[in-house]
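Line by line, the protein sequences are chains A and B. For the first sequence, the positions run 400 to 683 when this note's numbering is used. For the second sequence, the positions run 1072 to 1364 when this note's numbering is used.
The hints are simulated quantities; they were obtained by calculation from the structure and are not laboratory data. Hints may be right or wrong, so weigh each one.
FRET-style restraints, in silico, Cβ to Cβ [unchecked claim]:
1) Asp573(A) / Phe1355(B): 26 to 32 Å
2) Val484(A) / Phe1286(B): 23 to 29 Å
3) Asp1217(B) / Phe541(A): 48 to 54 Å
4) Ile1264(B) / His513(A): 36 to 42 Å
Even for Gly, the Cβ is constructed at its ideal location relative to N, Cα and C.
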Amino acid sequence: MAQQNGMVEKRSSGLWLTHLGMIVGVAFIFFPIWLAFVASTVDQQAIVRPPMPLLPGDKFFENYARALTSGVNAPVGIMLVNSMVMALGIALGKIAISLLSAFAIVYFRFPGRHLFFWLIFLTLMLPVEVRIVPTYEVIANFGMLNSYSGLILPLIASATATFLFRQFFMTVPDELAEAARVDGAKPMRFFFDILLPMSRTNIAALFVILFIYGWNQYLWPLLITTDPSMNTIVMGIKQMFPSGDDTADWPVIMATSILAMIPPVLVVIGMQRLFVRGLVESEK
Amino acid sequence: MEKRVTFKGMWLPLLLIAPQIVITAVFFFYPAGQAIWQSLFIPDPFGLSMKWVGLGNFEFLLKDSFYRASFVTTAIFSTLVTVVSMGVALYLAVLADRLIKGSGTYRTLLIWPYAVAPAVAGVLWLFMFNTRVGVVTWYLGLLGYDWNHVLNDSEAMGLVVVASAWGRISYNFLFFLAGLQAIPKSVIEAAAIDGARFWTRFRTIVFPLLSPTTFFLLVVNIIYAFFETFGVIHTITSGGPQQATTILVYKVYSDGFVGQDLGSSAAQSVILLLIVSILTVVQFKYIERRVHY
């Protein structure tokens, strides 16, 4: 890295231009978020008489408290809990079932192994958006509308996570399994004592990606949660817009938008290195 | 590739794989089978019985001018989203790659939008371009431009494209930056010594060496634009004005859930299924090639 700029063109003006270009880019990317934040700290009057201010006002606590406790249809506090349950359910559920099935596929020889592998592989081709009507009917028949299991289960089977773990298990030295077998360890003992601790980084990286995937779901919660108290925050925002000509309650809507992005942003920023590695590697 | 050392037993592995297989069967294969089955019928007006129409739903769809228009809309939309988000991301990645100091800070700021849900991104952009209170709308008005994406087709398309591309820049940026950093510096230095200026180096060396990343991102971004942008469109335009921003996924939703036209919606699902399959096969063919190299 250090010699990168050494050989190629000595330039100090160029460097400044690069920084300038970068700052313009970052400002462009950040502007929508900044504006939403500003709107969440002023009162409705400041917004409905454009142009709205570009610096934060003094209604921060008022707007956020109003959003969290009363919202527009349902308190945003409840939606945050729903989103958290859904995102954690999807992330942890996917990781659990994928670990188990990858373990079975890699470390055992059993009838139907290849068939099962292909069945899992095929799900890559079936995003929920493609099969919404029939999947909705399945959930409705099971009586799982407006429930956490209805939000989580259809999104939980994941070929990508299974592949990632399969890939990783393949790189685990055979000697470890050999030694475990010689010591008379049961397969599950090997799984919990050796394989699982070794997979820690992969699990963490995958967790970030899956948490965001789960948190950011829109179409599925929109279909199956008709009860406002089961809405997730990401789909609940749209429900806050009045249907007719009434003016939207912009400060509360923008406060909700900011609240909706805080948990995933914290996860991404906090686990940035793991996340970047996991992303670039899992998608390879 | 197979493991040399395996454990004995038959019931244990079946038990281990059972949760995933059961969930896959109930929530993936059964609904997909249903979609294919339903696409061959039309329900009678009272919804009491189904009438077999064979490929009638498909025939009808392909003749339907709205559906064909939706295909064109999807093509335009996904091309624009892919080009815009990849273009901006490549520009930023090239800049970040030139910096030694501070690129970490920029990266932290730039990956932020990755965490923002498409539907939330839609609300943010809608707010800026709102016809009554939008800041950008107001400043455009000062310049004498009357922005109204509620009535104007191409403004609506422009807005959903920018909002969709915006959320995707982080992802593309991370991959381009990783790709750029993997290019051996010696190659670039050799060209620099031979007198190649920055732009020449980029065009003749960097960009060709980056092509595996670019190709991968191309496929992934098209899949994103096809399926994951539903939230953006639903929040900003709801497919309007008229049907100017009704992409295929939005049409499956609006015909199936809003219009209750199950046969047609199922047939549309099957067509989408074919499109995803083709894209996935392309993606895997490519990945396979890269693994072997």
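- Item | Satisfaction of the hinted span 36 to 42 Å by the C-beta atoms belonging to Ile1264(B) and His513(A) | For His513(A) against Ile1264(B), whose Cβ atoms are near 54 Å apart, the range 36 to 42 Å is violated.
- Message: Quick check: does the Cβ-Cβ distance between Val484(A) and Phe1286(B) fall within 23 to 29 Å?
- Response: violated, 38 Å
- Take the C-beta atom of Asp573(A) and the C-beta atom of Phe1355(B), compute their distance, and say whether it sits inside 26 to 32 Å. holds, 27 Å
- Cβ separation of Asp1217(B) and Phe541(A), checked against the hinted range 48 to 54 Å: This hint holds: roughly 51 Å between Cβ atoms.
In this structure, the hints that do not hold are numbers 2 and 4, in rising order.
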